[in-house]
Each structure stands twice: as C-alpha cells, then as structure tokens.
Amino acid sequence: MRAFCALSAAWAAPVPLRDVGAFVDPVFVPDFFFDLVDGAEVLRALLEAPEVGGQGYTASVLDEMVPKPPRMAPTLLWQTGLWKALSYRPVSQVIVDVGAHEWSRFLPELRTDESAWLVLVEPGRKAFLELFRRLKVDYADVLDRVVAIPAALSGEEGFTWGFSTLHTNDFLGGECNSLLPPDTRNWDHPCTEKGAEVIVPVMSLELLLHGVLLGRSHAGEDMVTELREVLEQGPPIHLKLDAQGSDVQILSALASSKAPLAHVLLDRLEKVQLEVSEDPIYEGQPLRHEVFARMFDMGFQVDWQKEEVHDGGVHRLWCGCRMVLDYPRTEDCFFQRSSSWAHGRVLDLVLRRPVEILRLNEGSELSISTQYSHYMWAHVEDCNRDEQMVRLRDETGTGLACLYGIAGWPLRHAILAVIELWDLIWFAVRGESAETKVAQYVRVFNSIWVLLSGGSWEHLHDAGAAHLVFMVLVEATCLAFPMHCGGREPAGSQTLCATLGACFEVFRSKAETLETVVENPADFVGLFRAAQRLTALRCFPDTWRLELDRSRSPHFPTTVSVGGGFNVTVLDVDSAECLLEISLVAWSPDAEGMLAFHRYVWEKTDRVKDLDSADFRVPSEGKLWDFDCLFIFGAGETRRSRGDVFSHSMLSEVPGTKDPPMLFVRCEAPSGDLEAPQAVRLVSALSRREMPKLELEVPLRRDRRPQVMTALCTQQVWDFEGLEKRAPHHAELWFRYFSELGVDEIYLYDLDGSFRDVGFVTKELQGAGRLVYEGSISRIPPLGDLYALAGYKTSTAHLAQTLVQQHCWQRARQNAQWVISVSHGWDMFLFSPVMASLDDLLQELDPHQVSYVLGIRYGAKDDDDRKADRPGPAANVFLRFPFHVDPAVRPEELLSTEEHIVIANPRLVEMAVLGDVVKRQEAPLQSNLLRTRGAEFAGAMMTERHRLDVSRWRANHYVALLGRSLVFRVEEATPQLRNFSIYDLAAVELGERLAR
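Position 452 (the sequence shown) corresponds to 527 in the numbering used here; numbering is contiguous.
Among these hints, one or two may not hold up.
[Unchecked claim] Straight line, CA to CA, 30 Å or less: simulated BS3-like cross-link-like pairs of lysine-lysine: (1) K346 to K733; (2) K936 to K800; (3) K868 to K768; (4) K679 to K381; (5) K733 to K868; (6) K585 to K512; (7) K800 to K733; (8) K201 to K211; (9) K800 to K768; (10) K838 to K868; (11) K346 to K381; (12) K868 to K800; (13) K211 to K346; (14) K733 to K679; (15) K201 to K346; (16) K333 to K346; (17) K333 to K936.
No wet-lab data here; the hints were simulated from the structure.
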C-alpha cells in the first residue's frame, strides 16, 4: 500500500507544494495498481479523479523528490499469497467480504475452517485502519490467510481500476459510506445525511478476483486455457456485498465483461449476500425487485435452504432475506448459484416454469420438456444417494419428497401444496365425488396458508415463488369448484387489484381465517387469478405479432459457435402466445458427418431395404443450453431479458434413444414502456458455462399478413420433372384439390427450386395469395453442402422434414385459425365420402382439441389391376386406385405407424414431427393463461385425442402412387395392409368430375 504523499519521479514538471490540509489527507493506493501501469499513469488517473470540495487532487513537489515511495504501515496486502497457496495446499473456500468496515463476521470462521481464506475490502480510511488493528490484536493466528485491501469496488461496466469519490457519512462510524451520492429527496434516513467527500482507489470485482485467485491482473491469450482450469478446479467463492447501493451493479459489471475468464469467475461465486432496499437510499440504487431480477438473470437463485443467520444474534429469514431496517425497508438477502449444487437447476425450473411440475404427475414424456425431464432425473438420482431423502420418500410415498426436503422454509409449503394438488387432479380425473375433492382442496390450502398469510406477496414474487403459488391455488379452486371457473369472466376479476400489493391487501381484508377462504371460493378465485396474471412472465402485446424479418435476412439467420462446433440457425419467430418464441436448430457444420449419421441410423434399424429411400431425421444439439435475449430498439437502445430453452424429445431414430428435433427459446418481454423491438440478439446465458459461446442476431418486424381460416402444411418437395414423369399432372391436381376444397393458404417448401417457375404455382396460387413459397430451407447449414455432395432424394430430403413442419406450424400461428397437416405429402388427400365441405368439417370440430382424420390406404387390387395401371393425362389418382383396405384394419394395431391428417389450432401446438403433435404444456390445465379465448378462464384445452368418423372424413393414402404396396419394411408380415379389396365409388365419382 502506498500513500500519495510521494510518487515516482516519472511525473514531469514540478508543481507547487500543496496545502497542508490536503497533504495530511493522503490517498491510499493499492500496490498492484503499480503492477498494472507505471507510477506516472497512476498519478494521472488520480489527477483525473472527481473533484472533492470543488478541487481535485493537487500534486506535490514531494511526488518528484522521492523516487520510490515508501510502503505505508499498517497495511495487509499479500497480493500473491492466496494463488500460491492454491498450488500447494487445499483451500476449502474463499470468502470475499466487500464493505467489511471495522470487523468481519467471517473472521471466526477461519478458526473453525483452517483451509478457508478471507479477502477483506474496505474503502473507508478510518474503518480500514481499525480493521487492521483488530486483525493484529485479535486474529494474529489467521493473518496468513487474510487479504485486506483498502479500496472500493465499482459497478461501472468496463471499468478496471482508478479513483473515485467516496461519499462519507458519520452514521455507525461510516457504515453508510458509498460511491453513490445519498438520495435526499424522499427519506429522513441517517444514511442520506451528507458528510465529507474523499478520493479512494476503485477497482472492479473482476480485477480483485483475478489478483487474489490468479496472482495477475488479466489473462493473456496464451494463458487462458491454463488459468480456466485453475479456476474451475479451485475453491468456491462466497461473496458478501455491502457496497451501499452498488451491490448488484458490481456483480452485473463482472457478468457483462468480455474478458475471457469473466464468466468462469462469475460461475465460481457459489454464495452471494447483498443488501436490498424497497426504496432508494442512494441515487441510482436498484430497488428490491430489480436486484432479484438481475440476480436470477445472472444464474443465481434464492438460498432457500438458509433459514436463519447468526450475526449478532439469530435472525430468521423470509424468502431468503432478513430484516435490517424497517423504514425504508432494508434487508440482507442470500443467493446461491443454481449450477453450484445438484438440485439448483430443477428448483429453477419448478419456480420459473410451474406448469411443468403440475403436469409431471401424468407420467407422459411429452407432458414435460426435455430439460425438465433431464434435471428432474438428475435430482432424483442424487436424492437416491441420500439416505435421509430416501427415508422421506418412503414415508411420504411421493416422488416430490426430495424436492420438499431440499426446498427449505417457506418454499417447502408450496411444494407440499403441489403434492396435495396432484391428488386433487387424480380425484378429478377419476370422477370422485364433490365432497372428496373439496376435502382434498382443504389440504391444498392448509399446505400453502403460511405463504398467503405470513408475509408480503410482492416479496414472494421477488423471490420467484409467487407464480407457482397462485397457479396451484387457481388450479385447485377450479378443480374443486368448477362452477366458479366457467367460460364466463368472474364479476370484477379484472378490477379487483392492479398490483400484487393491492391483491394482498384485498386478501387480508377478506380472509380472516383459512376456513373463510375454503367456505367462500367464489370470493377468492378471481383474486387468485388476478395475482396469477400479475406474477406471470411479462408478455408482448398481442397486437405486435412479431415475426422474423426476412427482408433483412433473406435466408434464415445463422451463426457458428466459438470453436466451430455447431451451426445454429433460427427457423422462425412468433409472439402469438405472450412470449417471443424463437425456434432454432443446432447441427454440426460437417455435411459428410451428417450423411455418416444417416447411414449409421439405417444400419441400426430395419425399416427400409434401400438407403436412398430411408426417411430419417437428425436431432438438434444443445438441449441443455440456455440463452439470454438482448432486445434492440430504435437508436440502439438495448434491454436484456431471460430466455427459457425448451424442447421435446420426439425423435427416436436409433432404437433406445430420445432426442429433440429442434430447440425453442422463449424470451420474456423486457421491462418498460417500449415500442416493438427491431431485433433480438441471442447470447449464451451467463448461467451456462458448459455451453459453447454463441451470439446470433435475429431481425424482427410486425407481422401484417391477413388473417385466414385455414393453412395447409405438408412435406418438403423436390424434383418437379421427376415427379411429372412418375405421376403426370399429379402435383397440379394435388394443389388444385386442396385449393378448391377451401384451404386459404398452402405452404410449399421447395428444396431444389424446381417448383419456383411452375405456372400453376407462381402465376395462379401464389399470385392469388393462396400459396406461401419457401425456397431457403435447403440453405440451412450444412444442408447446402450435403445436397451438393449427395443430391436430392428421399433420404436426404427427409433430413429437412422437421424444419419444414415446425416452420409451417409456427408461421401459421399468427394468422391462421386452423392448420391442416398432411405429413405424407403427395400421396394423401383429405376426403369426405359423403361429400361434406371443409366448412362443414370445421364447424364440427372443437377448436380447443386436436383432431385426427384417420388414413385409409388405397392401391392396386391385384396383379391384373397393377398391370392395367397406365397413368394418362386424365387418369388421376382417384381413378387409378379405386380400391382401399378395410378401414377396420389399422396399421398402428399391427406394429406399424398410425396414418392420419392432423387438424388443430396452431396456437395450441408447440411442435410437430410427422403425424405427432405436442400440445402446449399449459393447455390441459384449468389455470392456463392462454390468449386463445377472450374469457378470463379459458378452461382445460387439448385434453382429448379426437379421431373423426372415417365414414364422414378420411385421409386417402394412395401408397401405390409412387410404386409402393407398403410403407415400412415391418409391414411385410402383415398382408392385411395390402389387401386393397373395397371399391370406393365416391372417390371414383370425384375423380371423374376432376378429370372433366
């Protein structure tokens, strides 16, 4: 440590002797500032520091007279002690106490944990000297494991080191000293009283951690890999921040750093304690809810397991915080990094995506996401290694026993309520009596009552648990008392309360006891629903209808991960249901590798004999990635929000495997009153160190397409000339058939461009606004290289199939009420034997369910029939193949795949692969917040798999059109599927009309 009453002779011309007052008030300068730059640069930074008392630092002739300034004592600064210790003896933890003041409560811990180190940071000169005195007097035995630095930490992004003004205050001996000026506008608070201003050295948290952990100020390119390993194998860091208003900014500055090791340092911070306030004590101080939101964005969660703090007494925590001051309310809050313990990630998902834990009890793979399934499985596996958790599971008989055990108080009450709600859901499914359901409803409320009545709902929301709580309450109330959750809007539900605090006050005024709520559910369900909406993720306005701006990105936006391991391509964007949903795929950039994978799958399966006709799909990588969403507005303004990644493992191309075909990133709307964003930049999340570094900008615009009733999705197409040779005029027949049936928009995905100039496509259908042409799918890396290597054929074309289907369903969400998905392509037609119209069909369907039009196979009756099959100009498919199999013979009952056409509201479908669709996760719940209905309570949707009567509607599947008699090799043992013996007079009559 050096005091700036003397400095290096490197400074230029002599200056007059400064006044005595300034001379006896020196500025402390940490030694390692001189390791960063030379003495002249340090003095220059000091001279450029903010003015104090209307005057900046004044240099002295002594600065020139003393060539090597003396070390100041007393001082403790073993700059390299810790990083050297890491190399030759174990270090259990590094505790960093920022704002230690005159004594640190962590000092006694150095005696109980003889492998721990403590870093003390205190900018106040008087407090630092007293701190050092106490160290020498009371803790001389642990001094070799203490680093003391008389500096402040900066919350300014991009700042490394320098000097700044410390605003001092005499309250509690200077505990209110801050780099932020006091906010004197609203509070009569001791910390807002202005005191003297002094210049202090300031550094970033990044520089501090670099110095104490690595013994250097930065990492050169040649050392990054080695130093990363040192950090990743090093001890965890426990950080206490008491920087008087700058706490979360100090962490945010580390999180936003572009330095190569910044995120590794952030990830080593396992525990963080910081101070929060509901109202500003200092100018520019983030408020309580903003602090929590920033901590969550950086990958931290409330330390729910910490139930009390021993600091001058025993202090009980509520939602991770303990009270410090009543007015303005100030608290110490405790966080932990979710990636630092086995159960952190699943706890994040439970709180952030509560709909999945409500559906977890269904036991279906498609009820929850790939991510939820992975982290829940890891959570259960870890619990199975804990004898105490195994006993708890056996005693309670529930799969959530471990989650209940690790949740801590008071969160475990919400988990217990979920356990009770699961039973209520099963009672409703089994049709139990109203009395049984009401009794279970009481148990749900008993579990959660302490959360409703024990403290502020706003604090519960800040901690991230409120949405789970109110979703449980709404779901339970609507199951036990369905008469209060009909399609109508409950009286006054929208005006009960505009804020969560107001909802809490209404609840307290009405709910005298638990019995009051249970006996009068109609008085509270609207209140719970309002609170559920207020605690949900921020939605984009429904009127924005954001979409991918293809005028700025003619092809699909794509990027290569750092290191070149993955091509990541955005397929489409929509904001039809609250959040901005971005579909993307992450594939290896190696086209030859993708072809090798295709051959490997073919060799491992026995579906088809010929490799070139094998229709396999390639799963997406990155199922455990996470992204942050950086929204870009006019004039370059940016706002960050969190992106939830989800997917469904629908692909099982290799037996025994389950993988997602693509990923989806759901970006929460950024806070503030803003116009529609111009773009969103997906960046690797701060909380996911194991994912590759990615950054991908996605241009946005408002979707102004006209609204339509129906959109038709089908397979990708290629080789128009080849199709014409095998089935003359069939493509035109297919398009005209569905167009004349009444489909408003037909999506055409042309892989090789051979359909672009076909007359009936470009001049008629596209010109009339009836066809959506997409010719860029084949450019998504590495498909372009792959088609250049292997050409266009069944096997290679199907590698794009999942992209085609997802793009069509997602594009239709914002402008179509129905999607008709014909996954078999050219050889399948939606047909009514009774000649009903498409309007008739749509009026029969429930718009909130998925409907399946069952497939019926058509082909040649016998060998003579096959020999007579000579396609001619008028011989359309309805005339060529008038015979079909018995409709009662179902492929799915004969170990094959069900064939059907899917019809559904695209806003209720998350994704589709071939004939399988995944409904939106929240749709089957009574408590869903989907925009599909205007009423307050949409009610359960997508709960049924509705198959239409084949006597009225069927999917005519002309398997013989392209020379086949069966679809899969496994069907060789099932001749029933090739017994084309039933004559279809209605189809023949239709064919005759079409031939005229």
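Task: Satisfaction of hint between K381 and K346, Cα-Cα up to 30 Å - done: Roughly 11 Å between the alpha carbons, so the hint for K346 and K381 holds.
Task: K800 paired with K768 [C-alpha distance capped at 30 Å] - done: Violated, at about 48 Å.
Open item on the list: Between the alpha carbons of K868 and K768, is the straight-line distance 30 Å or under?
Closed with: Given pair K868, K768 is violated - Cα atoms ~35 Å apart, limit 30 Å.
Open item on the list: Against the 30 Å threshold, does the CA-CA distance of K211 and K346 hold or violate the hint?
Closed with: 28 Å, holds
Open item on the list: Checking one constraint from the list: CA of K733 to CA of K679, max 30 Å. Satisfied?
Closed with: 15 Å, holds
Task: Distance restraint between K868 and K800, which requires alpha-carbon spacing of 30 Å or less - done: OK: K868 and K800 at ~15 Å, within 30 Å.
Open item on the list: Hinted pair, alpha-carbon criterion (30 Å max): K201, K346. Please report holds or violated.
Closed with: 29 Å, holds
- [ ] Measure nothing beyond the straight line between the CA atoms of K800 and K733; if it is 30 Å or shorter, mark the hint as holding.
- [x] 38 Å, violated
Task: Given pair status - K346, K333, alpha carbons within 30 Å - done: 23 Å, holds
Open item on the list: So if I understand the rule, the pair passes when the alpha-carbon distance is 30 Å or less; does K201 with K211 pass?
Closed with: 16 Å, holds
Task: Proposed proximity, K800 with K936 (alpha carbon, max 30 Å) - done: 23 Å, holds
Task: K346 paired with K733 [C-alpha distance capped at 30 Å] - done: With Cα atoms ~35 Å apart, K346 and K733 exceed 30 Å; violated.
Checked against the numbered hints listed earlier, the structure breaks hints 1, 3, 4, 7, 9, 17; every other hint is satisfied.
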